[in-house]
Amino acid sequence: AQSVTQLDSQVPVFEEAPVELRCNYSSSVSVYLFWYVQYPNQGLQLLLKYLSGSTLVKGINGFEAEFNKSQTSFHLRKPSVHISDTAEYFCAVSPLGGAQKLVFGQGTRLTINP
Amino acid sequence: DGGITQSPKYLFRKEGQNVTLSCEQNLNHDAMYWYRQDPGQGLRLIYYSQIVNDFQKGDIAEGYSVSREKKESFPLTVTSAQKNPTAFYLCASGGNTEAFFGQGTRLTVV
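Those sequence lines, one after another, are chains W and G. Taking this note's numbering, the leading residue of the first sequence gets 336, the next gets one more, and so forth. Taking this note's numbering, the leading residue of the second sequence gets 32, the next gets one more, and so forth.
Bear in mind the hints are in silico, worked out from the structure with no lab data behind them. Built from N, CA and C at the ideal position, the CB exists for glycine as well. There could be a bad hint or two in this list.
As the list claims (entries may be wrong) - Residues of chain W placed beyond 12 Å of chain G at every Cβ, according to the derived structure:
hint, residue
1, Ser362
2, Gln377
3, Asn396
4, Gly397
5, Glu401
6, Asp420
7, Glu423
8, Lys436
9, Val438
10, Ile447
Stated by the list, open to error - Derived list of chain W stretches under chain G, where covered just means 3 residues or more per stretch with a C-beta under 8 Å from a C-beta of chain G:
hint, stretch
11, 345-351
12, 379-390
Okay, chain W solo, but in the shape it has when bound (with noise of 0.2 Å):
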């Protein structure tokens, strides 16, 4: 069984300044890794993934993560924040493999403060 723990519930920023949302997760076999945005009353949108291959991944809005095998860690970045960007952040894991059974953290409610 997968587990996915985000560390912090809600994380507050001023405009422009640098942000990192962590995300930990627990899991016996190999996973795919997910990023996902969701805005008031909507759906959720994929910010990025991470398959394989280069551990540094780049997504839209200028969010990147890092996959970190040895700490089961990937955690969100972006290097300055627009007041668009106050959402809700989930990370999410899948198996490899089998259906796209994805387990979710339970979000990060990021604040952009002017």
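The hints should help you fit chain G onto chain W, whose structure is shown.
Frame of chain W; chain G shown alone:
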């Protein structure tokens, strides 16, 4: 336009009633999923289906039922046995390496 359509966006249910949430996809995906979202708890898997006429329980299937008679459709019924049905429900479909989500249905028990 390819995607996943959930309806209705908002749904109100009286206690003791069954309600059905609709989910349709035109992405030609075999697999479809239902998740429940509650504040501070992330998304939890209710049911999933990998192929027509087959589906499996997820982590919180009690009080819910599904059917998969067509590849494009995966409706979720919230039965009266679900003791706390007020939540945001998300449908997804996916290939092997990515899931696509609908816009969600917010169900409120009144």
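Would you pick out the hints that fail for this structure and give their numbers low to high? 2, 7, 8, 9, 11
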